[in-house]
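*Asks:* Letter by letter, the chains look like this.
Number of protein chains: 2
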Amino acid sequence: MARAPGEIEALIALMARLPGLGPRSARRAVLHLLKKRTLVMEPLAQAMARVAQTARDCRVCGNISDDDLCPICADPARGRGVICVVEDVSDLWALERAGGFSGRYHVLGGTLSALDSVGPEALRIPDLVDRIAGESVSEVILALNATVEGQTTAHYIAEALAPSGVSVSTLGRGVPMGGELDYLDDGTIAAALAARRQI
Amino acid sequence: MARAPGEIEALIALMARLPGLGPRSARRAVLHLLKKRTLVMEPLAQAMARVAQTARDCRVCGNISDDDLCPICADPARGRGVICVVEDVSDLWALERAGGFSGRYHVLGGTLSALDSVGPEALRIPDLVDRIAGESVSEVILALNATVEGQTTAHYIAEALAPSGVSVSTLGRGVPMGGELDYLDDGTIAAALAARRQI
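So the sequence lines, in the order shown, correspond to chains A and B.
Mapping of the first sequence onto numbering that gives the first Met the number 0: residues 0 to 198, in sequence order.
Mapping of the second sequence onto numbering that gives the first Met the number 0: residues 0 to 198, in sequence order.
Incorrect hints may have been included.
[Claimed, not checked] The calculated lysine to aspartate or glutamate pairs, modelled on EDC-like cross-linking and capped at a C-alpha distance of 20 Å, are:
| hint | chain 1 | residue 1 | chain 2 | residue 2 |
| --- | --- | --- | --- | --- |
| 1 | B | LYS34 | A | ASP90 |
| 2 | B | LYS35 | B | GLU6 |
| 3 | B | LYS35 | A | ASP66 |
| 4 | B | LYS35 | A | ASP87 |
| 5 | A | LYS35 | B | ASP90 |
| 6 | B | LYS35 | A | ASP65 |
| 7 | A | LYS34 | B | ASP56 |
| 8 | A | LYS35 | B | ASP56 |
| 9 | A | LYS35 | A | GLU8 |
| 10 | B | LYS35 | A | ASP67 |
| 11 | A | LYS34 | B | ASP87 |
| 12 | B | LYS34 | A | ASP66 |
| 13 | A | LYS34 | B | ASP66 |
| 14 | A | LYS35 | B | ASP66 |
| 15 | A | LYS34 | B | ASP67 |
| 16 | A | LYS35 | B | ASP65 |
| 17 | A | LYS34 | B | ASP115 |
| 18 | A | LYS35 | B | ASP67 |
| 19 | A | LYS34 | B | GLU120 |
| 20 | A | LYS34 | B | ASP90 |
| 21 | B | LYS35 | A | ASP115 |
| 22 | B | LYS34 | A | ASP115 |
| 23 | B | LYS34 | A | ASP67 |
| 24 | A | LYS34 | B | GLU6 |
| 25 | B | LYS34 | B | GLU6 |
Simulated from the structure, these hints should not be mistaken for laboratory data.
Could you put together the complete structure from these sequences and hints?
*Replies:* Structure, rendered in structure tokens:
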């Protein structure tokens with residue numbers, strides 16, 4: 000039973016692999032593209048091909064870049080004294096959107112996981128230790144997710160960095176902006192109590 | 000404040016225009032693509048560019064095709080006596096997935112809308128009238144959505160086809176497969192009652 004022509008079905012199958020899109024929404028997205036072939040589809044295909052060719056990992060921090068060094072590592076205005084360690088490039092982007100951090104980053108590319116056999120080498124943790132030894136770094140901020148995996152990884156990194164004598168910190172815990180106590184989980188409320196500050 | 004490199008931001012902006020994706024999920028999708036550059040991103044960019052170049056509207060029925068005639072119109076096994084009129088290519092795909100129709104299609108490309116000034120010419124309705132006159136068509140099935148716009152369009156087409164003497168039908172109304180009466184709207188239940196059949 001004929002559906003769409005083969006190439007279109009192949010495109011739908013590829014689109015359906017994207018996170019947030021299933022077979023049905025991929026079909027809808029492709030149909031939308033087909034209706035706007037010159038306006039959206041061709042520019043999108045070109046942009047994607049261009050990025051696929053130029054994008055690479057920054058050799059220092061692991062951020063995604065179109066150069067050997069990412070814009071943050073290449074920026075002389077960014078402080079060299081503080082390194083913020085994040086799990087993923089999306090976390091780096093989130094921190095940059097929030098503003099307020101003017102140091103540099105180190106992207107792990109995931110968290111330690113015995114189940115998925117992700118060890119320290121796969122996470123660029125040895126690279127981080129080397130960076131601390133080589134550069135004049137005074138502080139490492141572990142901006143990892145507040146999940147079990149994130150915190151396990153944070154503990155491992157803190158231990159690995161202990162011999163270097165660098166100051167290691169993690170993100171503050173507490174009530175998020177706009178947060179209502181009634182809707183917060185117990186762990187957050189307990190953490191906020193423990194992290195109470197005098198006003 | 001630097002976020003992602005410019006080309007990546009441009010790609011995210013293009014992806015965010017797809018239905019079902021917003022700025023946030025487009026960012027996630029692009030990040031996923033960036034992690035699988037050779038495995039997913041390049042094939043996707045190539046498939047998209049290829050489809051953008053080859054896809055066109057079938058000159059007879061308006062289905063999307065990579066040829067002048069779509070596979071259905073080109074198939075000699077598909078009956079020429081019955082034409083099924085649909086709003087959109089996605090409806091045609093849905094009918095083909097369901098199976099059970101072996102005739103040919105006519106894709107309107109939308110519904111009549113005074114507000115959006117969509118008239119009969121924009122919907123290929125004159126083409127349909129010409130097709131009925133030219134080919135030996137005995138029946139036209141109006142498989143339009145059961146919405147106000149779909150039914151308005153169906154009424155208009157039925158009137159436009161009246162002089163040709165062709166038999167015009169619409170899809171049956173009633174309880175959908177697996178439907179529970181308690182959860183059905185009043186309109187559907189009333190329609191199912193009106194369309195009751197002796198067993």
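*Asks:* Enumerate the violated hints, using their earlier numbering and listing them in ascending order.
*Replies:* 24
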